[in-house]
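Start from the sequences, fold in the hints, and give me the full structure.
Residue numbers (numbering that gives the first Met the number 0), protein chains in the order written: chain A, 0 to 307; chain B, 0 to 268; chain C, 0 to 364.
The hints are simulated quantities; they were obtained by calculation from the structure and are not laboratory data. From a predicted model like this one, the values you see are computed outputs, not experimental measurements. Some clues are possibly wrong.
Result set (DSS-like, lysine-lysine): computed pairs, CA atoms no more than 30 angstroms apart in a straight line [stated by the list, open to error]:
no., chain 1, residue 1, chain 2, residue 2
1, A, 119, B, 10
2, B, 219, A, 55
3, C, 363, C, 345
Residue-level listing of the chains:
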Amino acid sequence: MSDAARIAEEARRADIRTRWWLTAPALFILFIAAVGPLFVVLLFSLMVKGDYGDVKYWQFSTDGWFSVFFERDIFDDTVGLAQAHMEILWRSVKLSLITTLLTLLVGFPTAYYISIQPPKKRDLLVFMITIPFWTNILIRTFAMQEVIRNEGVINTLLIWAGFIERPIQIMYTDWAIFFGMVYVYLPLMVLPLYASMEKIDFRLVEAGYDLYAGRFQVLRRVIIPLVKPGIVAGSILVFIPSLGAYVTPRVLGGGKNLMLGNLIDLQFGQGKNWPLGAALSITLLVIVTVALLVYVRNASRQGGGHGH
Amino acid sequence: MATKLRTFDVKAQPGFGTVAMICFFMLYLPIAILVIYAFNAGENIAIWEGLSLRWFVSAWHNDTVQEAAFRSLFLATVASTIATVVAAMAAIATTRTPPYRGLTFKYAMINQPLMVPEIVTAVSLLIVFSRFKVWTGYNGLGYMVLAHTAFCIPFAYLPIRARLENMDLTLERAAADLYATPWQAFRRVTLPLLVPGIIAGFMLAFVISLDDVVITEFVKSGGQETLPTYMLGQLRRTVTPEINAIATVFLALSVLLVTLFYLVNRKKT
Amino acid sequence: MASAASAIDARGVSKVFKGAGQDEVRALDNVSVAIRENEFFTLLGPSGCGKTTLLRLIAGFDFPTEGEILLHGENIALLPPYKRPVNTVFQNYALFPHMTVGQNIAFGLEMLGKPRDEINARVTEMLKLVRMEDLRDRRTSQISGGQQQRVALARALAPRPKVLLLDEPLSALDYKLRKDMQIELKRLQHDTGITFIFVTHDQEEALTMSDRIAVMSKGKILQVGAPHDIYVRPADRFVANFIGETNFLVGRIASEKAGKAKVELAAGGTLSADAPDRGAPRGSEVTIVVRPENATLVPSGKGDIAGVVENVVYFGTDTHVHLKLADGSQFIVRQQNATLASDDYKPGQKAGIAVAPGTPRILKD
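This is the structure in structure tokens:
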């Protein structure tokens, strides 16, 4: 090997070494306060539950995982599906899907409308979407509570207009969680949709009209296929946090209508069943990871340029 | 819009404007109500009894609120500062290089907090830190600083990385050509050009830390309420407009930070 | 040739880049060239020929896989860029956007640790040299492309480098400005007495500005010489083709005497041509180059070669007449419009081609 090649190789090695030193502090912090603890959760899901919370260390058991899905009858010891857990899991998935769908239905026209405005107005509207996006989720949930409470705007207005005599109970129902989540996650849908709509080449739309397509056909055959990556990104961005939602169902669901996040919380609180809580956490993580993988595959296929 | 001469607008789609208006109305109506009731004179958050600043005053004199607010600000400042420093170093180390072994691992590590549901992170930290608390006997704010720093890292990292990737590599080459050693080139050329990205990263991290509820709720020890966890606790009790007042101030702070963020990001690109 | 008097002396330089997988790209292949003190030297070639790679090796942004690069006799091939007394004018100028014009020019001097007074004096001097005295405190984003070009020059010249490298610095400028800058560069080189190594793919630019040109292709230097030399006596087909327009005629050597050969053309007729350094044997097949401006059209039956007009292209100052020869090859004649009326020749018409004596040249293939 020539001197030059040796020196170049040494320089490359030194460069990579420096790059590792520079990343070390970030990796260290992330290891002890983000990635590492996840492995501990996995470990805890496989241990025997302690009597007052916590676990019995190094006593392994699959009870935690077992009780995610099944329950043993106290009297005859028969094994059945864990009814309560299934119900909560189903509610989480159902509410998350409906939330995703509704935010898409509202977010799509909104993002499109923003993207066709003149630059100044467009910037202002995007900014107006961004403000709620960066506002504390608790504040936004609280604001929603103000609207749907029995003494809130909706009920007051309906009573005033004479449609109803007594307030409709919205708080502490699935509806409340649903309203809250749509409200809280709407900006997460609009922003990625807008990002892909901003790039629409309107000459393609013109070509669509030129080739005798109507408004709806242009929307369905030209615009929607063009912004599909944005639709997928927005849906994932709404679906994932909805599934793991904690604050919104806790405040608006009132502790009765649990979602997966609250069920997990419960195991570490009153439930005192850490292995179950850990197993539920891993379950949630797996569902989210699968959703992300679907997104990544979809995105890379779109990136291949052989879309529609 | 509706002129006498109706021309065909290629971009328009029927009804989309209406939906957009409804969307903005829906987004801002609850916030507006929240803010309006913060100025309510009455005890009850449902009944309007006239304009007053009494709840802002009462929140200001509420020791618990004051303490929580200062704790929130302290936490956000410390965590986002550390996060920005380590994220900047990591961004420099993971950009503008041919792929090397471990690079993908680094990306995965840094972006991990963005991909894991908050409740899962919260629970995992509860498990780990509760052990640490027993072993070390230390119950202080350090755990919260650590947790906040970790989830702030990707938010600080992203704008800095974007800034680095858009930076012209020949500038550093030009510096080296003009007798600047690698350190001088970094100090005199790279770093000054990186400043807007670093400010943006810091501000994002700051807002994210300030807003966090779930992870803080699980990591905090007794008497370590932050403003969001204090509010979460209050919402379960009978609420007075004091909470609206606190939320309004909080909201104003967020809006201010986001606006600043936009201005910083726009000017320097 | 390679003596201590050379500013840059590259000896057997190769540069191999590792491509995807096992692929290797030989960007420079055993290149040797000596560039003299105070010379305006141009590396000319199409993109991908290795000219920029050679420049980067001299600047120190890359290191040669093999070979030495001597600067005044000292091997600098493995020194980092900040230890080489060589400065570069970048293609996109690479001016520091966070500094003023003056700060940009002062940068190199500051890095060299020069005292403040000296730096100030030198910056003033450089601004005067590039005629930009009033713009010292402007941001680099507030000045025009041509002005940025001058700042880049001033910045690179300020530390008085032994050699100034220019990487296609005029390519971003529009035509008029580029012409002005060509003259300006030439003046700067003359005034400062610094060796300039200029990289370009524009043959016209190379011919106008250079003392000497090295024509490169596929990682090799094909010919080094003064512009006139290269134009009149191209070493091979590539050089002949790359620089200016050329007609290639195929033929066999009928006789040879004292560097002059009589060649029987495949297209009919014979031409007397300058033979290459070593005489080719009788009967061997050769290619002759004839520049379009060295041929004139004469009435059919006269001249050295016969052809049929295919196309007449009007260029303002002159007209290009494309002809087809008997062997099917193409021949272009360039005639000044002062000597040719536009409708003298029409497609389909037979014509004779007279070649100016002494101008045809046999290529070594």
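Task: Distance restraint between residue 219 of chain B and residue 55 of chain A, which requires alpha-carbon spacing of 30 angstroms or less - done: holds (23 angstroms)
- [ ] Take a quick look at whether residue 363 of chain C and residue 345 of chain C sit within 30 angstroms of each other, Cα to Cα.
- [x] The given pair, whose Cα atoms are some 36 angstroms apart, is violated under the 30 angstroms limit.
- [ ] For the pair we were handed, residue 119 of chain A and residue 10 of chain B, check the Cα-Cα distance against 30 angstroms.
- [x] Distance ~17 angstroms between residue 119 of chain A and residue 10 of chain B Cα, so the pair holds.
In summary, the structure is inconsistent with hint 3 from the numbered list given earlier, while agreeing with all the others.
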